[in-house]
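Sequences listed follow chains A and B, in order.
According to our numbering, the first sequence is numbered sequentially starting from 1.
According to our numbering, the second sequence is numbered sequentially starting from 95.
Heads up, some of the hints might be wrong.
[Stated by the list, open to error] Under the rule of at most 20 Å between Cα atoms (straight-line distance), these lysine to any residue pairs were calculated in the SDA-like manner:
| # | chain 1 | residue 1 | chain 2 | residue 2 |
| --- | --- | --- | --- | --- |
| 1 | B | LYS155 | B | GLY231 |
| 2 | B | LYS107 | A | PHE60 |
| 3 | B | LYS152 | A | VAL87 |
| 4 | B | LYS152 | B | VAL168 |
[Claimed, not checked] From chain A, some residues computed to sit far from chain B (all C-beta separations above 12 Å):
| # | residue |
| --- | --- |
| 5 | LEU37 |
| 6 | GLY41 |
| 7 | SER46 |
| 8 | ILE76 |
Since the hints were derived computationally from the structure, they do not count as laboratory data.
A virtual CB, placed ideally from N, CA and C, is assigned to each residue, including glycine.
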Amino acid sequence: MFEIVLTLALFILTLSILISIYRLFKGPSMPDRVMALDSIGIHLISGVAILSVLFRSHAFLDIILLLGILSFIGTIAFARFIERGVVIERGNDQ
Amino acid sequence: MKTNDLILQTVTKVATFVIVLFSIHIFFAGHYTPGGGFIGGLMTSSAIILLLLAFDLKTVKAILPVNYLLLVAVGLVFAVGTGTGALFFDAPFLTHAYHYFDLPLFGHTSLHTAVLFDTGVYLVVIGVTMTIIQTIGESE
Numbered sequence: 001m002f003e004i005v006l007t008l009a010l011f012i013l014t015l016s017i018l019i020s021i022y023r024l025f026k027g028p029s030m031p032d033r034v035m036a037l038d039s040i041g042i043h044l045i046s047g048v049a050i051l052s053v054l055f056r057s058h059a060f061l062d063i064i065l066l067l068g069i070l071s072f073i074g075t076i077a078f079a080r081f082i083e084r085g086v087v088i089e090r091g092n093d094q
Numbered sequence: 095m096k097t098n099d100l101i102l103q104t105v106t107k108v109a110t111f112v113i114v115l116f117s118i119h120i121f122f123a124g125h126y127t128p129g130g131g132f133i134g135g136l137m138t139s140s141a142i143i144l145l146l147l148a149f150d151l152k153t154v155k156a157i158l159p160v161n162y163l164l165l166v167a168v169g170l171v172f173a174v175g176t177g178t179g180a181l182f183f184d185a186p187f188l189t190h191a192y193h194y195f196d197l198p199l200f201g202h203t204s205l206h207t208a209v210l211f212d213t214g215v216y217l218v219v220i221g222v223t224m225t226i227i228q229t230i231g232e233s234e
């Protein structure tokens with residue numbers, strides 16, 4: 001019973017990722033696509049969590065924090081690029 | 095145009111310590127659980143990259159005055175030195191040894207020379223990643 005509920009949750013997550021991918025392809029502006037990528041990252045985190053419960057293993061729990069950090073840094077880098085045109089600023093001399 | 099980065103810089107000041115602590119944990123946990131020198135070095139360099147995103151290149155060079163090419167060299171010396179250390183004990187190259195010690199704070203702990211080799215990997219990964227990022231960031 002418990003595994004059926006977890007598998008159902010994985011199916012719903014997959015559906016949600018597919019809707020985010022539609023926004024990724026279709027999104028009229030650049031920030032829409034960045035937000036779709038961020039949303040896909042968060043869905044992947046919950047997918048890893050459900051899979052590690054399903055496999056009865058705690059070997060994947062580090063990946064949750066890892067994906068969170070990488071998604072955060074990636075979204076910030078995209079936001080900097082959209083706002084300023086450069087990702088890393090050189091200095092305060094210009 | 096003068097822009098204001100207050101929220102990003104404040105979040106970075108807190109999140110950098112969390113990322114560095116996580117990378118140190120994942121480095122030392124590599125013997126018994128998933129992790130190790132490679133992913134630990136990547137997470138440490140991603141903490142430095144977060145600092146680079148929130149501040150600029152000059153500020154981060156003032157915060158961390160590290161020559162990353164020298165860091166690569168020190169890491170390679172660690173890895174090769176751990177390998178040649180085995181030659182002094184009539185063992186083949188890269189033979190590792192371990193023993194159990196009673197440390198004052200940690201108790202009964204097993205110390206392994208593979209940690210020194212992993213430290214070399216950690217330093218090389220940080221050095222190579224940060225050299226690539228800084229070189230690309232500085233070029234016009």
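Checklist entry - Just checking, SER46 of chain A versus chain B, shortest CB gap more than 12 Å? => result Correct as stated: the minimum Cβ-Cβ distance to chain B is 19 Å, above 12 Å.
Item to check | Whether LEU37 of chain A stays farther than 12 Å from all C-beta atoms of chain B, as the label says | outcome: holds, 16 Å
Checklist entry - Does PHE60 of chain A lie within 20 Å of LYS107 of chain B when you go C-alpha to C-alpha? => result The hint is violated at about 27 Å.
Checklist entry - Is LYS152 of chain B within 20 Å of VAL168 of chain B, Cα to Cα? => result violated, 24 Å
Item to check | Pairwise hint evaluation, VAL87 of chain A against LYS152 of chain B, where the allowed Cα distance is 20 Å at most | outcome: holds, 14 Å
Checklist entry - When you look at the beta carbon of GLY41 of chain A, is every beta carbon of chain B farther off than 12 Å? => result holds, 14 Å
Checklist entry - Given the hinted pair LYS155 of chain B and GLY231 of chain B, is their alpha-carbon gap at most 20 Å? => result Distance of about 13 Å is within 20 Å: holds.
Checklist entry - Does the no-contact call for ILE76 of chain A survive, Cβ to all of chain B over 12 Å? => result violated, 5 Å
In this structure, the earlier hints numbered 2, 4 and 8 are contradicted, and the remaining ones agree with it.
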